[in-house]
Structure formats: structure tokens, C-alpha cells
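Undergrad: Listed below, chain by chain, are the residues.
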Amino acid sequence: MNLVRAELERLSARRFVQLMVVLLVLAFAVTAATTLAGSHKPSVSELNSARQQATEARQSMEATFRECLARQGGALPTEDGGMYLPADCSEIDPVLQDRLPIAADFLPGVFTFAEQAQPLLYFLIAFLVLFGFLVGASYIGADLTSGGVVNLLLWRPRRVTVLAAKLGTLLGTVLVLALLASVAYLATFWVIGQAAGLPGRLDGDFWRSLGAVHGRGLVLVLLASALGFAIATLGRHTSAALGAFAAYAVVWELGARLVLEIVDARKSDLFMLSSHIGAWLNGGARFYDERLCAGGPGLNCDSFYTITWGSSLLVLLVLAGGLTAAAFAVFRRRDLI
Amino acid sequence: MSAVIEIEGLRKTFRSLRSGRRVAVDGFDLLVEAGQVHGFLGPNGSGKTTTLRALLGLVRADSGRMTVLGEPSPELLPRVAGQVGAIVESPQFFGNFTGYRTLRLLARAGGVPVSRVDEVLELVGLHDRGDERVKGYSLGMKQRLAVASALLKDPRLLILDEPANGLDPAGIREMRDLMRSLAANGVTVLVSSHILGEIQLICDHVTIISRGRRVATGRVDEVLAGHDRHEFLVRVAEPERAVDLLHAAELTAVVDGGALVVSGVSDPTVVSRVLGEQGLWVGELTPLRPDLESVFLELTGAYEHSSVPRQVGDSSLPQGEAVIDLDRGVDA
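Going down the list, the protein sequences come from chains A and B.
So that you can map any letter, position 62 of the first sequence is 62 in UniProt numbering, and since no number is skipped, the others follow by simple counting.
So that you can map any letter, position 276 of the second sequence is 276 in UniProt numbering, and since no number is skipped, the others follow by simple counting.
Please note: incorrect hints may appear among the correct ones.
To be verified - Listed next, the stretches of chain B that the computed footprint assigns to chain A, with coverage defined by at least 3 CB atoms under 8 angstroms from CB atoms of chain A:
1) 58-71
2) 220-229
Said to hold, decoys possible - On the chain A side, residues computed to face chain B include the following (Cβ under 8 angstroms):
3) Leu-3
4) Glu-9
5) Pro-157
6) Lys-267
What the hints assert, rightly or not - Derived SDA-like pairs (lysine to any residue); straight-line CA-CA distance at most 25 angstroms:
7) A:Lys-267 x A:Cys-293
8) B:Lys-135 x B:Phe-97
9) A:Lys-267 x A:Trp-252
10) B:Lys-135 x A:Cys-293
11) B:Lys-135 x A:Leu-11
12) A:Lys-41 x A:Met-20
13) B:Lys-135 x A:Ser-146
14) B:Lys-135 x A:Ala-54
15) B:Lys-135 x A:Ile-337
16) B:Lys-135 x A:Pro-108
17) B:Lys-135 x A:Ala-13
18) A:Lys-41 x A:Gln-52
19) A:Lys-41 x A:Pro-108
Worth flagging that the hints you see were computed from the coordinates, not collected in a lab.
Predicted model only: the values in this text are computed from it and were never measured.
Even glycine gets a Cβ: it sits at the ideal position worked out from N, Cα and C.
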């Protein structure tokens, strides 16, 4: 416990951590300020007009779908009459759409919390993932380079305990900070929605969905922190983590993706970490691959494939867990010179 | 006396892709007994710091047996870590912290009462500068802070690697007094240093390492006596004639500057008698005792008149692998 308290003090005193927190607050303040400046409380007439437009848009979608079905059933001629109608009418089936037009879509300059909360949360999670990775890497990297770890080991010559205390402190701190930041962030935008925009439809489904994204985002932040910590421990320097990240992004996500395209590899997104991060964060992801249907997509062949959140979590856990375990195993036996 | 540090047959090899295999410590032995202030000497790259790091569990030894305060190290080092204060090379501290906060953090991590921080800052002369940031400290002040961190635990054993690094003459003297006072209070001190005069003044025992092996160990005065060539500096009016007279008396003498150096003399009265009998009166007859520096340079071959600069690690091994151990005799 003493060790954790001491580590907590060291972590919070790090200039880099303080700088990242300032950047977070700045990004937060700029986003909130621009949102506030660009939004206004809609008048009754604006609201009525928007509702009317949304109703019309939904009706138009229904009409188009019915027309498509009628043409498919042979009741209408096959000419499209200037209107695009897909061969598979389910593509435009309003019931199957992710979302239908709502009044908020027709209220320019009005911030609607229910509509914007999720994208805003994604931005925050992206920042916190970056924060966790960089802070995790620099926290142990700087300590290894400066001799701080050696100093500590002269006091507590238990390597695994010392490293575990550092990792635990890092994860705990990042988690608390991420929780506080996300609560403050969402609360601020909720207030903006109430005072200078629209709250939108904040029902149980909304909060459940937002909570799920938030929870998955926090897991991602913790995994990124552990990953940065583990790579910097293995490489003895903060730069090892940064280099590994840059190398992975360029060599694998860009280079290997290109090579996989050239060699006509199927389901290439399965091999990309970015796909798994997206799938985990969104609760699953569908990817299109025309190679899945040799004769072109048809009724018996689906050109889409899915990465479930479960398999993505497994990939992310194996990667972060494996590298963390390797970092502990190497640190336990390493010569500290 | 009980052994506080025992090292037997320590061997450590570093391997790297670039420079290959390098033996840093090669069957090294060290014995430090309770209450000693033990000097640990060796040229750069001779294996001093590697030995200390291995002893403190920072480097994994290839083979050998080590104990600290009776516990095998590094396996059971945590049992006695609370009684061992150590600095290895120049420790780096967090520049943004004040000296006080640095020590408070270590005290907290090690379960030491925070009240001890003020005591050790006072001991190392940093009491009035403890609230300044470490990044503003001079090298000597950082070294004092390092020593303070080692003293924080009120240790029974203090291991100091180059504690005088960066200290001014007054600081060196204060460090010497501090070590003496610690030793007087029963603290065993193992100190490595390049300042040989300091080691000679502070330490009662010494171990000299060269190319990873022990080349001498024992009480400082005995190590020095072991290298005493029984030489005397003699000043007379006619040095050239005096040399002839001494040679005739089967003594070895050479003219060095305006004086003579007579060696292999067990009784100096022989010199004055031989010269006096021929009417040459001796103006000065001074014994030339070896100091630790000359013994160190002789044992390690660290100083040779050569046009080629000596390289790190170019020190020598004892002839015939013999180790001068004045406590135990000579190990072949």
C-alpha cells in the first residue's frame, strides 16, 4: 500500500501526465465552447417545421420501399422513372434502417444531446486511449532510463511487486481519470443540450447504449495503457512504445493491408487491430469483401462478414495480456544497468 | 567478527549482439566483516559496479555465492533490505521534486517514518536546501541527496559507490567525517572510490579488483606494508660518491634528482654508518612508504609509461593469478 501511495505521488507529479491532463481539459473546453457558440434553443415554429420535415422524410422512405416491392412483385414497370430503386428492396426497408429521420436532423444550428452524445464520447475515448498509451509508456520508460526503478529496487528488492505496483497504480489512475473526465464531459454537453439546444430522446435505450459504449471505451483505455506500459518495459524506453505504435501503423495497417489487397486475401480486416478496436467499441462490426462471393453477390451469397465484440475482446486481451506477461517475465530476470 | 558481506566466486558475463561476450566479473571474492569501513578499489571497467549491482540483485550473476547480513542474495535480500542503505553509481532523482519530497517518497515506499527525512538531510548538510527542486542541485548536492537516501533506513550496512563524485574538498571531508561517525556507531560501510587518498584516510580494510578479479585484500596498513620495498630517500653532499660507497657495502642505491634512493634496507642506521665512516654526513634519511595509490597502480597496472593511451579495462591481473590476501595469506 505504501508503494502504491508513493507511485501515485510520482505518477501525478510527472510533467507529461500534467501536460496530457491540460490538453484533455483544453480539448474539452474548446469542444464545449464551440458547441455552445454554434447552438441555440429552437423556437416552437422551428420545432414544428423540423417535425413536419422528419415525418415527410419517413413517409417518403415508406413510399419508396413500397414502390420497390411493387416493382419487384411485377405490379409496376421496371423503369425507375428517375428514382433509384435497388434490386434488393430490403436495402431501403425503413424497418431495417439503423435510424429513421427525426426532427433533430432538420434543426440546423441546434445541438441535440441524444444525437451527439455518442460521437462526442468516441472522441473522448480516442483521446483517453492516446493518453493511457502515452502515459503508460512514459511512466515506466522514463523511470527505467533515469534509474528511478533501480532506486526503488534498492528499497524494495522485489521486482515483480515493484512493477505490479507501477502497473496497478497506472491502471487505477487512468481509470479514475477516465471516469471523472467522461462524467464531466457528458454532463457538460447534457447541460448545453438542456440550456442551448435540445436534450433529445433520453430514454432507457439511449442511456443503456451510451453506457455500453462508455464501458467498452474504458476497457479499451485500460488495455491501451497496459500495452504502452508493457512495450516500454520490454524496450526499456518510452520511445520503444512510440516506435512500435508508428511501425505497426505504417507497416501493418497500411503496408500489409495493401499487400493483402494485392494478393486478394479474403477477410483481410480480420488481421487488422483497427478492425477489432472498432468492433469492440461498437459492439461488433460488418465488413464488405467482394471476394467472398465468386460470382458476385446474390441471394445465396453475402459479401459481408462480421467481427463480433467477443472475438475482438479476445484479440485485444491476448495482445495486451501477452505483452504485459512478457514484460513481467523479462523484467524479472533483466540486468538493470 | 561476523561477515556482513560475503561474495565467493562471483562471475558475470555480459553478452550483446554488437560487442559480443564480455566478462565483467571473473570469480571475484569479497569479505566484509561487521564494523569495517571497507574500501573497494579498481580501475574503470574493472567490475566494481557490476559486483555491487549483483550483490544488490540488480544484475543476475552467472555463478557464485553472495550473502548480505547473513542472507543469500539476491534470493532472500528482501529480508534484510530494510537494513541496507545503498547508492550505486550516481542515482538519478526526479528533477521536479524537492530534495525533501524525494526522500519522503522513498521513506513512504520503504515504510520508514517520514520524520527521518529531516534527520538525514541534516546529516548530509542539505537541511537548508531540502525545499529546493532537485533539478537545481549541483552534482555534489545530488550526491549528498543520494547518500541521504541511503541513510534514510538507518542502515546496519551502507554500500556507497563513488560517494565523493562531484563533491568539493569540504564536501569530501564532510563525507569522510560522516562515514567515520557511522562506523563509530557500528554501521558497516563498503565504499568504492577512485579517490585513493580518501580510501586510505577513511577505510580500515580494502579490496582491490582488476579485470573482474580480486588482486589484494586485507587491512589497509597491511596491504601497504606488503608493498613496502624498504626504500629510503637520502640527502648527502656528494651523491655520486655516496652511491659508490653504498654499492661497495652491497646496498642498492640510485641517484634520483639531487638525492639518493636506497632500497632493500631493513635497518636505516646501516646507511648513515656506511656513509659516516667515509666522512659523508647524512642530511636527510626519510623512509619511502608506499601509499594506496602506488599500490593500486602497481597491482592493477593502471599506470604505465606508454605512448599509447590506456583503454578502459586494460588493467592487469596479478602475476601467476596470485591474490594478495593479508588476512588469509596468498591464494595461488
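Undergrad: All hints are to be evaluated individually against the structure, with a verdict given for each.
TA: Verification of the supplied hints:
1. 58-71: holds (count 3)
2. 220-229: violated (count 0)
3. Leu-3: With a minimum Cβ separation of about 5 angstroms from chain B (threshold 8 angstroms), the hint on Leu-3 of chain A holds.
4. Glu-9: holds (6 angstroms)
5. Pro-157: Since chain B brings a Cβ to about 5 angstroms from Pro-157 of chain A, closer than 8 angstroms, the hint holds.
6. Lys-267: Hint on Lys-267 of chain A: violated, closest Cβ of chain B at ~38 angstroms, above 8 angstroms.
7. A:Lys-267 x A:Cys-293: Measuring from Cα to Cα gives roughly 12 angstroms; hence the hint holds.
8. B:Lys-135 x B:Phe-97: Holds, at about 8 angstroms.
9. A:Lys-267 x A:Trp-252: holds (15 angstroms)
10. B:Lys-135 x A:Cys-293: violated (65 angstroms)
11. B:Lys-135 x A:Leu-11: The given pair, whose Cα atoms are some 18 angstroms apart, holds under the 25 angstroms limit.
12. A:Lys-41 x A:Met-20: violated (34 angstroms)
13. B:Lys-135 x A:Ser-146: holds (13 angstroms)
14. B:Lys-135 x A:Ala-54: Given that 25 angstroms is the threshold and the Cα spacing comes to 63 angstroms, the pair is violated.
15. B:Lys-135 x A:Ile-337: Since the Cα atoms of Lys-135 of chain B and Ile-337 of chain A sit roughly 22 angstroms apart, the hinted pair holds (cutoff 25 angstroms).
16. B:Lys-135 x A:Pro-108: Judged against 25 angstroms, a Cα distance of about 54 angstroms means the pair is violated.
17. B:Lys-135 x A:Ala-13: With Cα atoms ~14 angstroms apart, Lys-135 of chain B and Ala-13 of chain A stay inside 25 angstroms; holds.
18. A:Lys-41 x A:Gln-52: holds (18 angstroms)
19. A:Lys-41 x A:Pro-108: holds (11 angstroms)
The structure fails to meet hints 2, 6, 10, 12, 14, 16 from the earlier list, while all remaining hints are met.
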